[in-house]
Structures are given as structure tokens and as C-alpha cells.
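Residue numbers (the numbering used here), protein chains in the order written: chain A, 649 to 903; chain B, 50 to 370.
Since the hints were derived computationally from the structure, they do not count as laboratory data.
Glycine included, C-beta positions come from ideal geometry on N, C-alpha and C.
Warning: the hint list may mix true and false statements.
With a Cα cut of at most 25 Å, we get these calculated DMTMM-like pairs of lysine to aspartate or glutamate [to be verified]:
hint : chain 1 : residue 1 : chain 2 : residue 2
1    : B       : Lys110    : B       : Glu147
2    : A       : Lys698    : A       : Asp800
3    : B       : Lys296    : B       : Asp257
4    : B       : Lys165    : A       : Asp692
5    : A       : Lys705    : A       : Asp811
6    : B       : Lys110    : A       : Asp811
7    : B       : Lys240    : A       : Asp800
8    : B       : Lys165    : B       : Asp177
9    : A       : Lys705    : A       : Asp692
Cβ-Cβ distance ranges computed for the label pairs, FRET-style [said to hold, decoys possible]:
hint : chain 1 : residue 1 : chain 2 : residue 2 : range
10   : A       : His810    : B       : Asp183    : 36 to 42 Å
11   : A       : His810    : B       : Ala179    : 32 to 38 Å
12   : A       : Gln887    : B       : Ala179    : 29 to 35 Å
13   : B       : Ala172    : A       : Ala671    : 26 to 32 Å
14   : B       : Ala172    : A       : Gln887    : 57 to 63 Å
15   : B       : Ala172    : A       : Asp882    : 44 to 50 Å
16   : A       : Gly765    : B       : Ser62     : 38 to 44 Å
17   : B       : Leu232    : A       : Ser721    : 53 to 59 Å
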Amino acid sequence: MRRHDVVVVKRARTPRRSLMPYAVLATIAVAIAVALVASGLWTDMLRYRKDVVYLIKQHLMLVGISGSLAIVSGIAAGVWLSRPWMARYAEGTIQVVNMATSVPTLAKLALMMSLLGIGALPAIVALWIATLLPIIRNTYAGIRAVPAEMVDAAQGMGMGPHDILRRVELPNALFVMLAGVRTAMAVNVGTAPIAFLIGGGGLGELIFTGIDLQEPAMMLAGAIPTALLAVAVDFLFGQAQYWLVPRGVNPLRNA
Amino acid sequence: MIRLEALTKTYRSAQGDVTAVDEISFEVEAGQTCVLLGPSGCGKTTTLRMINRLVVPTSGKVFIGGVDTDTMNPVALRRTIGYVIQQIGLFPNMTVGENIGVVPRLLGWSAERIRKRSQELLAMLALDPAQFYDRYPGELSGGQAQRVGVARALAADPPVLLMDEPFGALDPVNREVIQDEFLRMQQSLRKTVLFVSHDIDEAVKMADRIAIFQSGRLAQYAPPDAMLAQPANEFVASFVGSDRTLKRLRRIRVAEVMTAADGAVDTRELGVRPSDDLRRVAALFLETAAESLPCIDGDGHIVGRITRTAVASRLGAQLRK
Numbered sequence: 649m650r651r652h653d654v655v656v657v658k659r660a661r662t663p664r665r666s667l668m669p670y671a672v673l674a675t676i677a678v679a680i681a682v683a684l685v686a687s688g689l690w691t692d693m694l695r696y697r698k699d700v701v702y703l704i705k706q707h708l709m710l711v712g713i714s715g716s717l718a719i720v721s722g723i724a725a726g727v728w729l730s731r732p733w734m735a736r737y738a739e740g741t742i743q744v745v746n747m748a749t750s751v752p753t754l755a756k757l758a759l760m761m762s763l764l765g766i767g768a769l770p771a772i773v774a775l776w777i778a779t780l781l782p783i784i785r786n787t788y789a790g791i792r793a794v795p796a797e798m799v800d801a802a803q804g805m806g807m808g809p810h811d812i813l814r815r816v817e818l819p820n821a822l823f824v825m826l827a828g829v830r831t832a833m834a835v836n837v838g839t840a841p842i843a844f845l846i847g848g849g850g851l852g853e854l855i856f857t858g859i860d861l862q863e864p865a866m867m868l869a870g871a872i873p874t875a876l877l878a879v880a881v882d883f884l885f886g887q888a889q890y891w892l893v894p895r896g897v898n899p900l901r902n903a
Numbered sequence: 050m051i052r053l054e055a056l057t058k059t060y061r062s063a064q065g066d067v068t069a070v071d072e073i074s075f076e077v078e079a080g081q082t083c084v085l086l087g088p089s090g091c092g093k094t095t096t097l098r099m100i101n102r103l104v105v106p107t108s109g110k111v112f113i114g115g116v117d118t119d120t121m122n123p124v125a126l127r128r129t130i131g132y133v134i135q136q137i138g139l140f141p142n143m144t145v146g147e148n149i150g151v152v153p154r155l156l157g158w159s160a161e162r163i164r165k166r167s168q169e170l171l172a173m174l175a176l177d178p179a180q181f182y183d184r185y186p187g188e189l190s191g192g193q194a195q196r197v198g199v200a201r202a203l204a205a206d207p208p209v210l211l212m213d214e215p216f217g218a219l220d221p222v223n224r225e226v227i228q229d230e231f232l233r234m235q236q237s238l239r240k241t242v243l244f245v246s247h248d249i250d251e252a253v254k255m256a257d258r259i260a261i262f263q264s265g266r267l268a269q270y271a272p273p274d275a276m277l278a279q280p281a282n283e284f285v286a287s288f289v290g291s292d293r294t295l296k297r298l299r300r301i302r303v304a305e306v307m308t309a310a311d312g313a314v315d316t317r318e319l320g321v322r323p324s325d326d327l328r329r330v331a332a333l334f335l336e337t338a339a340e341s342l343p344c345i346d347g348d349g350h351i352v353g354r355i356t357r358t359a360v361a362s363r364l365g366a367q368l369r370k
């Protein structure tokens with residue numbers, strides 16, 4: 649090939665998703681791992697192996713129970729608010745939801761503790777509420793954003809209310825709904841370590857105790873799995889957004 | 050086929066009751082196209098939507114094929130009526146094939162039958178099934194989307210088609226093309242069509258009968274030629290425009306006006322076809338001083354002549370009635 653030859657690579661019509669964010673994350677992870685091993689912290693951290701395994705189970709239970717409850721109940725509540733017979737109350741309710749969202753999660757935990765005492769239950773309830781609100785809001789907003797003409801066409805063709813919800817409203821709102829779920833779950837895994845403060849257990853136990861004892865290895869033994877979990881959950885819901893939303897209304901697949 | 054009896058819709062508002070549609074009565078025969086025409090806010094769309102009960106009438110009746118639609122389940126009723134609105138009505142989450150298959154699916158057809166029917170309709174509407182069946186509405190042009198809209202309405206072969214400004218969002222060139230295609234299809238399908246439009250030219254082109262609305266009331270119900278020749282009142286006259294005689298030319302065929310050939314033919318003469326409409330004749334009369342034109346069929350045989358006097362008496366005859 650001569651020096652001035654230029655190879656033109658024609659891009660496919662649908663551009664491939666960028667792997668850039670994952671490459672950056674992987675680089676950072678490798679750098680941290682190298683630093684940990686080099687400084688000898690890694691060997692110290694391995695001493696907490698048993699605690700980590702036990703607490704991860706607890707942590708996943710907090711996130712899993714509160715998150716799945718929130719997804720189910722949040723979508724149900726959002727759909728319910730979007731129904732015509734709720735139109736009179738929906739906007740007001742969403743205002744309340746917005747206000748409740750602005751309450752810091754730490755305050756929600758404290759409030760739950762004063763209502764339900766300490767332990768896993770108040771922690772799960774507080775996490776559930778914190779996760780619930782963005783899901784309700786986005787479900788409602790997503791369904792409301794479906795153009796009235798589209799619903800009108802569906803009705804005019806003889807779809808019943810159930811068909812319209814399942815085949816027109818939900819598929820067209822799904823992208824926004826899942827964006828809400830993704831944000832909500834980020835809040836959930838981000839808050840879960842604090843559950844330790846009201847006796848909820850989880851990886852927060854290692855983080856907070858490590859801070860108190862000025863024991864970096866202990867702290868990192870809690871912090872690193874927490875961070876990995878957050879990345880994994882975000883990746884999972886990002887994938888859900890990519891694959892579950894119909895291609896015709898999926899901005900990720902029509903770029 | 051479709052009969053409206055004193056159909057009325059009254060809305061309550063802060064300023065008191067507003068009558069959007071006021072005792073509309075008319076009948077559309079099977080296989081005919083009726084255009085509901087009028088300025089915006091005249092009640093034509095509300096009238097259309099009362100036929101498939103998207104709007105519940107305050108009083109009055111709609112009969113389809115002799116059956117009072119009050120007695121039918123609205124959802125079941127709508128599945129027997131094709132409904133076309135502007136292109137936004139396609140579901141963007143479904144492919145073209147799935148969009149067309151919506152009503153057949155509601156009716157419980159088999160997947161195989163739905164697929165066959167969708168592809169048949171795409172072909173009928175000049176869209177290559179291999180190319181368009183799996184596309185999404187977002188990947189279509191306005192004209193293509195509107196064709197899919199029509200295909201979707203025809204999917205379950207309903208006897209009645211309701212169309213609410215179906216071609217309103219298209220540019221003039223595309224609109225003419227799709228109107229022509231629709232007219233050609235309608236010649237073999239013979240659906241009973243109610244078509245809302247605010248465009249007099251579209252109405253004259255598409256309609257067997259025009260129902261012209263004036264603030265909720267039916268101002269005139271007549272075939273296009275009769276409406277253009279004899280507007281019922283000032284409002285209709287001003288809506289159809291001062292060039293209404295020119296608009297009539299489109300709907301009159303040479304064959305209706307031509308007289309028997311008188312033998313002598315100058316081969317250099319310009320001719321018209323019996324199937325042409327009078328717009329071509331008028332253009333030739335304006336461009337030349339000819340008193341008459343030969344009418345030539347597809348094989349080049351002279352089958353008659355059309356004279357200025359005959360055209361004038363055809364256009365004037367209705368006025369003198």
C-alpha cells in the first residue's frame with residue numbers, strides 16, 4: 649500500500665454502542681488493584697474475607713428486596729396515577745412524590761428508625777421509599793408523554809383500555825420508565841451502606857467501622873464490593889433499557 | 050349504509066352549553082365516498098367521531114347497515130370500521146407489519162393469515178413488502194407512513210372507512226399521488242367512506258357526495274357538481290370559491306358531453322380522450338380558437354366531438370334548473 653492510500657471504513661447504519669465507559673472503568677479498576685497489591689493492603693483485606701462474604705449476602709438482600717418491591721409497586725402506582733379516572737388527583741400526588749423525593753435518604757432512614765425501630769425492616773422500608781419515588785414519577789411522566797392522537801387511534805381501532813395500556817402506552821413509555829428504574833436503583837445501592845447506621849447490616853458495617861478504627865483495609869473491604877455492585881447494577885439496567893425497549897422507540901438503538 | 054338521524058353533540062362549558070354538532074341528518078349509500086367539509090371548528094370531526102362512538106352523541110342516532118350503533122358494544126363496533134388519522138396515529142413501537150396487523154390480531158386471526166394480509170395490503174399500496182414489512186414508522190417518509198395508515202385501516206376488510214384529514218400532513222405533490230391511488234383502490238374495493246377535509250379541491254376530487262358544515266349545522270348535502278353549480282347559501286358559495294365553475298371541470302368527463310362525430314377529421318387537430326375530464330378541454334379552448342375538438346379513443350379512432358356550446362350548456366344547465 650502506498651503511503652497516501654487512505655482506507656475508508658464505512659460505518660454501519662446503526663452505530664455500535666461505545667465501549668469507552670467500560671474501558672475507562674476497567675483501567676481505573678486495574679490501577680486500583682495494582683496499587684492495593686503493591687502497598688500490601690490487599691493481604692490485609694483478605695483477612696476480612698469471611699466478613700465480606702457474610703455482609704455481601706446481607707447487603708444484596710437489602711438491595712434486592714427493597715429494589716424489587718420498589719420496581720413492582722412503583723410501576724403499579726405510576727400506571728394507576730396515569731389512568732383517566734385519576735386525572736384529578738394525579739398532578740397533586742406527583743407534587744407530593746416530588747417533595748418526598750427531595751428529603752435526603754439519610755433523613756428517611758432516621759425517620760424510619762423512629763417509626764419502626766432498628767434492624768433490617770426499617771432499613772428495607774426506607775430504601776423501598778427512596779427507590780419507589782423516581783419510579784412512580786417516571787412511569788407517570790412516560791405514560792403521560794404518549795401522544796393523545798396515538799391513544800385515540802388505538803381506541804378508534806377497537807382496542808380496549810387493557811390493550812391500549814399493554815400494547816401502546818407501556819411500550820412507548822418504557823424507555824422513560826426504565827430510566828427512572830435505573831436512577832432509582834443507583835440511589836438504592838448508593839444508600840444501602842448507610843442502612844448499617846440503623847442496624848440494617850450490610851457492607852456499611854465494614855466501611856463505617858473501618859473509618860472509626862482508622863483501618864483502611866477494613867474500610868476498603870467494604871467499599872470496593874459496594875462500588876462494584878453499583879457498577880454492576882447500573883450495567884444491568886442499562887442493558888435492560890437497550891434490549892427491552894422496542895427498537896422503534898429506543899433512542900439507544902436508533903442513533 | 051350509514052344513516053345519521055338528528056345527530057347532536059352538546060358540550061358543557063363555563064359559558065353554558067355549546068352545541069358542536071346540531072341535528073345532522075344524512076345518509077351515505079354503500080360504496081360511496083362522502084366528504085365532510087368545512088372550516089375548522091365546524092363539527093365535521095366530532096360528527097365523524099360519533100360514528101365510531103369515540104364521541105358519545107348527546108342525542109340522535111347512527112345506523113350502520115340498518116343497525117342502531119347504540120345497541121352495539123363500542124369496542125366491537127370499532128373493529129368493524131377502518132379508522133385513519135394523520136400519520137401520528139401509527140404506533141412507533143410496532144413495525145409496519147405489526148401496525149397493519151393490529152385489528153386482525155384483536156379479532157384473533159392466526160399469525161400466518163395476518164402476515165399474508167399485511168403483505169398483500171402493502172403491495173396494494175405500492176410499498177414493497179420485502180422492504181417495508183419490518184421497518185418502524187420512524188423510518189418512513191410522510192407519504193409512506195400515510196399509506197401504511199390506510200393499509201392498517203383496511204386490514205380486516207371493514208365495510209366502512211372513517212378518515213380524518215388523512216392526507217392533511219402531506220405536501221401537495223404526495224397528496225395528489227396518494228389521493229389518486231386511493232381513488233383507484235376505491236374503484237375495486239367499494240368501501241363506504243366518510244372522509245373529513247377542509248380542502249374544497251380534495252373534496253371535489255374524492256367525494257361522491259359532499260356534506261358541508263357551517264358552525265355545527267349541515268349547510269348542504271349534495272354531489273360535488275351539484276354543490277358547485279348551485280350552492281345552497283352564501284356560506285357554501287364563499288367556501289367553494291368564486292372559481293367554482295373551474296372546479297366542476299375536474300368532475301365532468303369528455304364522454305358525458307361529447308356528441309357524435311361528424312365525419313370530417315383534420316389529422317392535425319388536437320384531440321382529447323373520452324376519459325379525460327373537462328380541465329383538458331377547457332385548457333385547449335383557452336389556448337386555441339377552436340370551436341370544437343375531436344375525441345379520440347385509445348386505438349386512435351375518432352369517437353365523437355366536443356364543442357364549446359356543449360360544454361357551456363353542460364356547465365350552465367344546472368344553473369338554469
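Outcome of the hint check:
1. Proposed proximity of Lys110/B and Glu147/B is contradicted: the alpha carbons are some 34 Å apart, above 25 Å.
2. For the suggested pair Lys698/A and Asp800/A, the alpha carbons sit about 59 Å apart, so the restraint of at most 25 Å is broken.
3. Proposed proximity of Lys296/B and Asp257/B is supported: the alpha carbons are some 15 Å apart, at most 25 Å.
4. Taken as a hint, the Lys165/B and Asp692/A pair is broken in the structure, with Cα atoms around 68 Å apart against an allowance of 25 Å.
5. The hinted pair formed by Lys705/A and Asp811/A fails the criterion: a straight-line CA distance of about 40 Å is larger than 25 Å.
6. With a C-alpha separation of about 28 Å, the suggested pairing of Lys110/B with Asp811/A is violated against the 25 Å cut-off.
7. For the proposed pair Lys240/B and Asp800/A, the alpha carbon gap of about 22 Å is at most 25 Å, so the pair holds.
8. The suggested pairing of Lys165/B with Asp177/B holds, with an alpha-carbon distance near 13 Å, which does not exceed 25 Å.
9. This hinted pair checks out: Lys705/A and Asp692/A have alpha carbons roughly 21 Å apart, not beyond 25 Å.
10. For the pair His810/A and Asp183/B, the supplied restraint of 36 to 42 Å is violated, since their beta-carbon distance comes to about 27 Å.
11. Against the hinted window of 32 to 38 Å, the Cβ-Cβ separation of His810/A and Ala179/B comes to about 34 Å, which satisfies the hint.
12. The hinted window of 29 to 35 Å between Gln887/A and Ala179/B holds, with their beta carbons roughly 32 Å apart.
13. Judged by the Cβ atoms, the range 26 to 32 Å given for Ala172/B and Ala671/A is violated: they are separated by roughly 48 Å.
14. The given range of 57 to 63 Å is broken by Ala172/B and Gln887/A, whose C-beta atoms sit roughly 38 Å from each other.
15. For the pair Ala172/B and Asp882/A, the beta carbons lie near 46 Å from each other, so the given range of 44 to 50 Å is met.
16. Taken as a hint, the range 38 to 44 Å is violated for the pair Gly765/A and Ser62/B, whose Cβ atoms sit roughly 55 Å apart.
17. In this structure the hint that Leu232/B and Ser721/A lie 53 to 59 Å apart at CB holds, the actual value being about 54 Å.
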